[in-house]
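Just so you know, the protein sequences line up as chains A and B, in that order.
Sequential numbering from 348 applies to the first sequence in this note's numbering.
Sequential numbering from 193 applies to the second sequence in this note's numbering.
Treat the hints with care, since some could be wrong.
[Said to hold, decoys possible] Below are the BS3-like pairs computed for lysine-lysine, each with C-alpha atoms no more than 30 Å apart in a straight line: (1) B:Lys216 - A:Lys576; (2) B:Lys236 - A:Lys579; (3) A:Lys482 - B:Lys197; (4) A:Lys405 - B:Lys197; (5) A:Lys486 - A:Lys436; (6) B:Lys216 - A:Lys579; (7) A:Lys455 - B:Lys216; (8) B:Lys291 - A:Lys455; (9) A:Lys405 - B:Lys216; (10) A:Lys486 - B:Lys214; (11) B:Lys503 - B:Lys466; (12) A:Lys482 - B:Lys291; (13) B:Lys227 - A:Lys482; (14) B:Lys424 - A:Lys436; (15) B:Lys236 - B:Lys197; (16) B:Lys236 - A:Lys482.
[Claimed, not checked] Short, incomplete list of chain A residues facing chain B, as computed with Cβ under 10 Å: (17) Asp500; (18) Gln503; (19) Thr533; (20) Phe550; (21) Gly551.
[Said to hold, decoys possible] Quick look at which bits of chain A chain B covers, simulated, 3 or more residues with Cβ under 8 Å: (22) 463 to 473; (23) 504 to 517.
Hints were generated in silico from the structure; no laboratory data involved.
Computed from a predicted model, the values in this text were never measured in an experiment.
Heads up, the beta-carbon is just placed ideally off N, CA and C, and yes, glycines get one too.
Listed below, chain by chain, are the residues.
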Amino acid sequence: MKNIGTEELKQQAKELRKTALTMIYEAQSGHPGGAFSAADLVTALYFREMNLDPENPKWEDRDRFVLSKGHVCPIQYAALGTLGFFPEKELHTLRKEGSILQGHPDMKRCPGIDISTGSLGQGLSCAVGMAIAGKMNHKDYRVFAMIGDGESDEGQIWEAIMCANRYQLDNLIVILDNNGLQLDGTTDEIMPLLDMSQKLKDFGYEVYDINGHDMDEIVCTLDEIRAGKTKKPKFINAHTVKGKGVSFMENQLGWHGAAPNEQQYAQAMEELERGDI
Amino acid sequence: MEGTKIATRDGFGEAIVELGRKNKDICVVDIDIGKSCKTGAFAKELPEQYLNVGIAEQNGAGVSAGLATAGKIPFVVTYAVFGSLRMCEQIRQEICYPKLNVKIACSHGGVTPANDGASHQSIEDMGVLRTIPNMTVVMPADYYAAKKLVAKAAELYGPVYLRFTRDAIPVIYDENQEFEIGRAVTLREGGDIAIIANGDTVRLALEAEEKLSSQGIRAKVLDMHTIKPLDKEAVLDCLRGIGRIITVEDHNILNGLGSAVCEVAAEEGTGHVKRIGIQDQFGQSAPYERLLELNGITTENIVETAKSMLK
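Between the sequences and the hints, there should be enough to build the whole structure, so can you do that?
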C-alpha cells in the first residue's frame, strides 16, 4: 500500500482515462465504455492499494491483479505504462502487429499482466488458483480480480465464486464493475443479475456495496478490507457508469467496443481534462 | 509380469503420489471423480497439495492455470471426455495460450468407459487437443509406461494431456523400460509392414505381429505414445524403409494417431497408410472388447489389413 491521497488518485484516474482513450483512438479499435467504468477502481488498486514492483514484474510476493473482463485492458495498460512496467512509448502500439499490448491481455508479452484473459468468465478461476497458491506457499500477497456484470452471465464465474468460499480465500478480493450494460443491451434486458450483493452474501462473501466512481469510498473500502480479519473472500459490488467521464459515451451501448473519430476524440479529451462529467 | 493386466489409471495414481512426495509443487486438482481416477492415495497422503473443486471442470482448469502462475505443477484430473471437451476452451485460453505448466491427466480414455455408454466414452479428445498450440498429447500403453510417462510429463515444462484407461490392459513393458515424450518405442522390428499403435491398442499390434510372423510376414511395431509432438522420424523411417503402415488407436480415425501419421505420409509423398480406429461413430453401452470389435479394432483386422496391403 502506498500512502497517496484521494485528490492525487482522482488526477491519476483522469490521466489514465485520457491515456486509454488515446490508445483506442490511435488503434481505431478497442473498448472505451468498460475501460472508463473500471478506471477509478483500477487507479486505486495500481496507484495505492497493491504491492508491486515495476522493476520486477514477476516478484513472487507481489499482489496480483486479474482483469477477467480482459477487453477493457487499455485502462490496465495505461496504469502499467505510467508505473513503468514497460516504456511509455509502447502505449502507442495497442493492437498493432508485434505489440506487447494485444487486443486482450497476454501475460507472455506484457510485463505486469498476471494472467492472459479475454475469453469472458475464465479469469476469476485463475485468480482463485493464484489465491490458493498463496495459501499453499504461505505468502501474504492478495489477489484482486475484476469481473464484469455482463461477464457474470458465464456459469464459470459461479463455479469460481463457490470455490473461493470453499477454500476460505480471505486473500481474494473480487470486484464487480457493475455498469449495467453489456454488448447487446442492458443487463436487465439481456440477463438480469438481480441483487448481486445479496447473492454474494449468500455465497459466503464479505460484501461491500459502493459507488465505483467515488474515490473516497473506494479508498475507504480497500482500507477496511485490508484491516479486516474475516476469513471470507471479499466482494466489492462497484456501481459504475459505462463510459464514465465523457458525456456522449456515458450509458451508451454504442461505446462498448467503438473507437472515437477525430472530432469525438477531441471533445472527449476536453471533457476528461475538465473532469466535470 | 507376463499375463498381468492393470489399468493405466492405476499407474497414474501410483506415479502421482511418488512425484508429489518428491516435489511439493506438484498438486492434484480433482473434479469430484478422484476415487475413479485413482488420486485417493495422493489426497490422503498429501492433503496440502490436494484440491477438489467439485463438479466444475472449467473452474478446475482455470484454478490450475492460476496455481501454475505461482510455480505450482498442477495435475487436473477427470475423465477424458470432460478433461478435453468440457474444459477445452479453458485449456486453450488459460493453459496453452500462456503456455502454463498444467497437466491434464484423464482416465476413461477411448471406449474404456464401455458400459457407461457413449456419453462417457472419449473418442475425440486427443484429436481436439492436438490442434491447440503448445499442447503435448500422450497415451501410455501399459501400467509401466503410464508411471514413466507421468513422471516425464511432470519434468516437461508446459501443458501436457495424459490419457489413461479405465479398464485393465496387459502389461507389455517392465520397470526398466525408458520413455521419452515425443519419441516412439520400437517394440518389434520387421520389414514387410509397420504397425503404429498407441495406448490400449499396442497390445493388439503385438498380438497381430505374432500372428503375422507365424505366417511369414515380418511386422515392425511402434508404440507411438505421443501423438504431439509426433515422432516424425520414426514415421519417415517406416515410410522410406517399409512403405506400408497400419495405424491402430482407441480414438476416432479422424484427427488422432492415424491422421497424424497420414499427414507425414502425404507431405512425404510416399507410402500407403491404413487407419484402424473408431469409425467416426458414437458408441453404446457394451463390453469394452465388444466396442473395439464393432469398430474393427481387433488383432484379426490388423492381420487382415496387413495381408491386404501386401497383396
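For each hint, the structure was consulted:
no.	hint	result
1	B:Lys216 - A:Lys576	29 Å, holds
2	B:Lys236 - A:Lys579	26 Å, holds
3	A:Lys482 - B:Lys197	41 Å, violated
4	A:Lys405 - B:Lys197	47 Å, violated
5	A:Lys486 - A:Lys436	34 Å, violated
6	B:Lys216 - A:Lys579	26 Å, holds
7	A:Lys455 - B:Lys216	25 Å, holds
8	B:Lys291 - A:Lys455	8 Å, holds
9	A:Lys405 - B:Lys216	21 Å, holds
10	A:Lys486 - B:Lys214	21 Å, holds
11	B:Lys503 - B:Lys466	14 Å, holds
12	A:Lys482 - B:Lys291	23 Å, holds
13	B:Lys227 - A:Lys482	25 Å, holds
14	B:Lys424 - A:Lys436	44 Å, violated
15	B:Lys236 - B:Lys197	26 Å, holds
16	B:Lys236 - A:Lys482	19 Å, holds
17	Asp500	14 Å, violated
18	Gln503	4 Å, holds
19	Thr533	26 Å, violated
20	Phe550	13 Å, violated
21	Gly551	14 Å, violated
22	463 to 473	holds (count 10)
23	504 to 517	holds (count 6)
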